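Undergrad: Read in order, the letters of the sequence shown are residues 1 to 252 in the numbering used here.
Note that these hints are calculated values from the structure, not bench results. Just so you know, these numbers come straight off a predicted model, no measurement behind them. Please note: incorrect hints may appear among the correct ones.
Using 27 Å as the maximum straight-line C-alpha spacing, the simulated DSSO-like pairs for lysine-lysine come out as follows [unchecked claim]:
#  : residue 1 : residue 2
1  : Lys-46    : Lys-203
2  : Lys-75    : Lys-46
3  : Lys-101   : Lys-112
4  : Lys-5     : Lys-162
5  : Lys-5     : Lys-22
6  : Lys-46    : Lys-1
7  : Lys-201   : Lys-231
8  : Lys-231   : Lys-203
9  : Lys-201   : Lys-46
10 : Lys-162   : Lys-1
11 : Lys-203   : Lys-1
12 : Lys-1     : Lys-201
13 : Lys-201   : Lys-5
14 : Lys-201   : Lys-22
Computed beta-carbon distance windows for the label pairs [claimed, not checked]:
#  : residue 1 : residue 2 : range
15 : Ser-207   : Arg-160   : 32 to 42 Å
16 : Val-202   : Glu-132   : 19 to 29 Å
17 : Ser-207   : Cys-135   : 26 to 36 Å
18 : Val-243   : Leu-171   : 46 to 56 Å
19 : Ser-207   : Leu-98    : 42 to 52 Å
20 : Thr-15    : Asn-232   : 36 to 46 Å
21 : Gln-95    : Arg-198   : 43 to 53 Å
22 : Leu-171   : Thr-15    : 49 to 59 Å
23 : Asn-165   : Leu-240   : 37 to 47 Å
24 : Ala-68    : Lys-101   : 22 to 32 Å
25 : Gly-96    : Arg-221   : 46 to 56 Å
Ideal Cβ placement from N, Cα and C applies to all residues, glycine included.
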Amino acid sequence: KEQLKVAAVCHFDETGVRVGGKLQWLHVASNEYYTHLFIHPNRGQKALLSAQSVFGDCLNWTVHDCWASYFKAGKGRHALCGAHLLRELAALIEQGSLWAKAMHSYLLEAYKASRHGPIVAPERLHWQQCYEQLCGQADEEELPVLVFFKTNGDTSRPRRSKGRNLLNRLLLHQAAVLAFAFEPGVPFTNNQAERDLRPVKVKQRVSGCFRTESGAGVYARISSFVSTMRKNGRNVVDELASVLSGSFQWAT
Numbered sequence: 001k002e003q004l005k006v007a008a009v010c011h012f013d014e015t016g017v018r019v020g021g022k023l024q025w026l027h028v029a030s031n032e033y034y035t036h037l038f039i040h041p042n043r044g045q046k047a048l049l050s051a052q053s054v055f056g057d058c059l060n061w062t063v064h065d066c067w068a069s070y071f072k073a074g075k076g077r078h079a080l081c082g083a084h085l086l087r088e089l090a091a092l093i094e095q096g097s098l099w100a101k102a103m104h105s106y107l108l109e110a111y112k113a114s115r116h117g118p119i120v121a122p123e124r125l126h127w128q129q130c131y132e133q134l135c136g137q138a139d140e141e142e143l144p145v146l147v148f149f150k151t152n153g154d155t156s157r158p159r160r161s162k163g164r165n166l167l168n169r170l171l172l173h174q175a176a177v178l179a180f181a182f183e184p185g186v187p188f189t190n191n192q193a194e195r196d197l198r199p200v201k202v203k204q205r206v207s208g209c210f211r212t213e214s215g216a217g218v219y220a221r222i223s224s225f226v227s228t229m230r231k232n233g234r235n236v237v238d239e240l241a242s243v244l245s246g247s248f249q250w251a252t
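Take these sequences, add in the hints, and give me the full structure.
TA: Next up, the structure:
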């Protein structure tokens, strides 16, 4: 946990798990060397700022999806997962959105342009202007709200389209969206965290839910240890044996 707090880049994600017949959340904080998993009844700020979490103490880049709670907690700088954005844009493209198609291509081109190092001035200004132009195009295409008329007792309120909601996030979090292109060491996706959560999804398919909270906590702690050992090229069986015998040593 202490190493993740000071890491240059730390990935965060969460997934729902059934514990004792109730929905709880398995949270992960990880990078290429360390994995920290914990179970919490909440998904948002209560979990992110709890003693179990490292999010509130991370000092550098935090990579995550656009879940609002991430932006309301913590001390670090935010970077959004490009893969999540591409999936949302792809869904809009299927509905005929022209701006989504252009933004989808823009993000992929920015990724290619920054694969060997961050985009710097004066090219950086060009990429920023293109981003803002695409957001302007989106603003013209997307209606501010969708109006629903009351019929047969329906009390639906006007609401924004998915395209408008996505555009608002792209505008609000522009720096976080483009961090991968302009900042050294910031990845394009949050795949690291998603890979570290994948084993629990496999477990759920095989054996279903956890029966107790204590059992879920034990699983999270052991899984954190096993994942960290693998990332550092350590023999998992040998290291588990050394922990049980009291001879485990870890040099950072």
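Undergrad: Tell me the hint numbers this structure goes against, listed in increasing order.
TA: 4, 5, 10, 16, 17, 20, 21, 22
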